[in-house]
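Residues per chain are reported as follows:
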Amino acid sequence: MGPNNTRKPGEAIFALLLALLSLGALVKAYGISGFEGLSSPGAFPMAAAAVMLLSALVVTVNTLRASRDSDTEMFRDILPANAVMMAGLILLYAIALRPLGFLPTSLIFLFVSTLILAKRGVIFAAVVSVLSLAIIYIVFRLVFSVLMPEGVVPEREILAWIARLASGGAE
Amino acid sequence: MIDALQNLTIAWFDPSLLMLVALGTFAGIYVGAIPGLSVTMAVSILISFTFSWDVYEALSLMVGIYMGGVYGGSRTAILLNIPGAPSAIATALDGYPLAQKGLAGEAIGLSTTMSAVGGLLGILVLAFAAPAVSEFALTFQPRDYMLLAILGILLVGSLSGESLTKGIFAGALGLLIGTVGLDPLTAQERFTFGVVELWGGISFVAVMIGMFGVAEALIQLRELEMAAVKQTISRIVPRWSDVRKYLPLSLQTSAIGVLIGALPGTGGDIAALMAYDHAKRVTKDPDVPFGEGAKEGLVAPETANNAAIGGAFIPMITLGIPGDAVTAIIIGALFIHGLNPGPMLMIEKPDMFWFIVGALLLANVFMLIFGLTGIRIFTRIVEMPRAVLIPLILMLSIVGAFAVNNSITDVYWMLGFGILGYFMKLYGYQVGPVILGVILSRLIDENWRRAIISDQESLPRLFQGIVTSPLSLVLFIAVVLIFVSQTPLWAALMKPFRTKRTPPPDA
Chain A
31 MGPNNTRKPG EAIFALLLAL LSLGALVKAY GISGFEGLSS PGAFPMAAAA
81 VMLLSALVVT VNTLRASRDS DTEMFRDILP ANAVMMAGLI LLYAIALRPL
131 GFLPTSLIFL FVSTLILAKR GVIFAAVVSV LSLAIIYIVF RLVFSVLMPE
181 GVVPEREILA WIARLASGGA E
Chain B
36 MIDALQNLTI AWFDPSLLML VALGTFAGIY VGAIPGLSVT MAVSILISFT
86 FSWDVYEALS LMVGIYMGGV YGGSRTAILL NIPGAPSAIA TALDGYPLAQ
136 KGLAGEAIGL STTMSAVGGL LGILVLAFAA PAVSEFALTF QPRDYMLLAI
186 LGILLVGSLS GESLTKGIFA GALGLLIGTV GLDPLTAQER FTFGVVELWG
236 GISFVAVMIG MFGVAEALIQ LRELEMAAVK QTISRIVPRW SDVRKYLPLS
286 LQTSAIGVLI GALPGTGGDI AALMAYDHAK RVTKDPDVPF GEGAKEGLVA
336 PETANNAAIG GAFIPMITLG IPGDAVTAII IGALFIHGLN PGPMLMIEKP
386 DMFWFIVGAL LLANVFMLIF GLTGIRIFTR IVEMPRAVLI PLILMLSIVG
436 AFAVNNSITD VYWMLGFGIL GYFMKLYGYQ VGPVILGVIL SRLIDENWRR
486 AIISDQESLP RLFQGIVTSP LSLVLFIAVV LIFVSQTPLW AALMKPFRTK
536 RTPPPDA
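Just so you know, the protein sequences line up as chains A and B, in that order.
31 is the number of the first residue of the first sequence in the working numbering; add one for each residue after it.
36 is the number of the first residue of the second sequence in the working numbering; add one for each residue after it.
Some hints could be false.
Stated by the list, open to error - Listed below are the simulated DSSO-like cross-link pairs for lysine-lysine, each with C-alpha atoms no more than 30 angstroms apart in a straight line:
1. B:Lys-315 / A:Lys-149
2. B:Lys-280 / B:Lys-319
3. B:Lys-460 / A:Lys-58
4. B:Lys-280 / B:Lys-315
5. B:Lys-319 / B:Lys-460
6. B:Lys-315 / B:Lys-136
Hints were generated in silico from the structure; no laboratory data involved.
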């Protein structure tokens with residue numbers, strides 16, 4: 031138990047940020063109904079925020095007291111290029127999802143990320159991303175019937191066309 | 036009784052439900068086995084894809100994944116020395132040495148059979164104990180619910196993390212997240228910042244997918260390259276003599292598994308470690324020393340973690356308090372389907388309970404079937420490179436977060452919690468307590484207010500109520516003990532008794 035003997039880079043700042051977040055939450059929770067009563071709407075949020083603040087402070091103090099861990103480095107272990115890049119890519123993905131639609135956005139996302147992560151060339155990335163998108167599309171869109179933003183691809187028309195074709199072939 | 040049997044067998048005779056349980060179990064085995072994919076991740080992403088389904092169908096799939104996933108983690112533990120799930124950590128201790136000796140097939144066969152034995156016992160206990168527990172639970176006071184829920188969060192925080200303080204923080208954060216929105220009793224706004232979209236609160240599916248999907252995937256990115264070890268698979272079906280020999284041990288460890296699983300907040304991972312410890316103590320002279328491929332060391336954790344599944348469903352169904360992160364998510368799924376787990380569920384919808392028991396039994400059978408077949412193909416699939424896997428997980432996380440409410444706001448919440456979860460995991464804060472907190476927030480809030488109102492807003496009276504009721508007192512003492520056990524005072528008191536203990540492995 032207890033304080034770690036070492037701290038990772040950024041750990042103290044993170045703990046401090048959590049403490050600040052907790053303080054903000056406590057102030058905000060007080061704003062709900064103040065010290066009106068033990069059963070007021072704000073009582074439980076205040077208690078939760080107070081516990082957060084208290085534990086965050088203890089963690090901060092323990093972290094600050096710990097010695098710096100010399101084995102971990104900020105940009106290799108805490109924020110490696112891969113993780114930062116992927117975090118950026120998924121953010122872009124989320125932004126583009128609605129205007130562009132599920133199919134093109136996902137294809138680009140899968141292609142780019144596989145290309146960067148696997149380092150096996152364009153063809154590998156293209157094949158893997160098309161294949162996996164096809165499987166996901168079949169499973170989730172067609173079997174689970176999850177509705178995804180259509181965006182620029184007239185998906186419904188294409189599906190209806192395929193369905194017509196299939197039923198036409200059956201007749 | 037006839038009704039119960041009828042409901043129990045719904046999934047057995049309905050082809051589509053049967054298929055879904057089979058599919059879930061099959062998928063669970065692979066999800067559990069592929070390092071980097073976890074059952075919690077899979078179940079939380081799947082909630083969003085199944086919310087429009089009928090509740091039976093959704094439950095069939097999830098129960099299958101849960102059962103298969105807990106078992107699947109043992110595969111990679113044996114073959115690669117990489118536990119696919121936290122509950123398989125103890126399995127690797129003796130499973131991998133067995134594989135190194137060329138006995139991988141035998142180890143897998145034995146662990147499969149024993150998992151099924153453990154799973155079956157867990158389900159039987161669930162079937163017989165849950166009705167009794169829920170009857171007992173009707174006598175619970177609001178304060179008991181509150182204490183029990185707090186105890187659950189504390190247990191998750193203290194047993195799985197590196198420090199209880201960080202676990203407490205995580206739990207409180209979850210509780211706070213759960214309070215966002217309109218107060219259920221007075222409709223007063225809480226933490227909404229005047230934004231109408233926040234009236235309904237933060238979607239817990241977004242929190243779950245963020246913390247278990249995105250955060251986990253980002254963490255995995257840090258160790259992209261991992262060589263898979265090729266194993267030769269020999270005999271798979273275990274020797275009857277082995278099964279008979281280890282049956283007594285497996286019964287004991289199953290009991291441990293069910294008990295630990297049934298405690299709110301503790302699940303298969305802890306059960307497996309405790310069972311391993313137990314096996315070490317009761318096996319006087321093993322054929323092979325522990326840690327070098329003792330079959331006892333394989334049987335014990337495998338029976339216990341599967342037995343813990345049945346156990347974990349007990350508090351979930353009867354009290355609405357999840358036994359671990361996966362059951363927390365399944366509770367979330369039940370909420371989405373308009374069901375309210377708790378003692379009233381057993382009274383109002385006993386069919387739901389018996390259906391779950393039936394589906395679990397079925398999943399257990401499928402686990403045995405799939406477990407003893409297809410091992411050779413299996414080793415291929417787990418070699419799937421993470422560079423391909425992780426983009427897929429991230430994409431499914433976004434799609435999943437979007438699909439619940441067709442809302443892009445949920446996606447941003449999910450990403451936000453993903454980033455937060457990444458740093459929390461990195462700096463040793465457990466994310467399990469956050470999810471438990473979110474799920475239990477409302478229960479604690481409401482029961483606290485009921486308790487304190489019925490005691491006329493007086494703390495001393497509440498306290499008097501706690502001390503004079505045996506149940507409340509036990510719960511209260513347990514909560515206090517967990518706190519005290521983590522302070523320097525306790526360490527000083529216990530120093531003379533302390534023997535060297537191995538630190539809990541990272542979950």
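Evaluated hints:
no. : hint                  : verdict
1   : B:Lys-315 / A:Lys-149 : 46 angstroms, violated
2   : B:Lys-280 / B:Lys-319 : 14 angstroms, holds
3   : B:Lys-460 / A:Lys-58  : 27 angstroms, holds
4   : B:Lys-280 / B:Lys-315 : 16 angstroms, holds
5   : B:Lys-319 / B:Lys-460 : 39 angstroms, violated
6   : B:Lys-315 / B:Lys-136 : 21 angstroms, holds
Of the hints listed earlier, those the structure fails to meet are numbers 1 and 5, in rising order.
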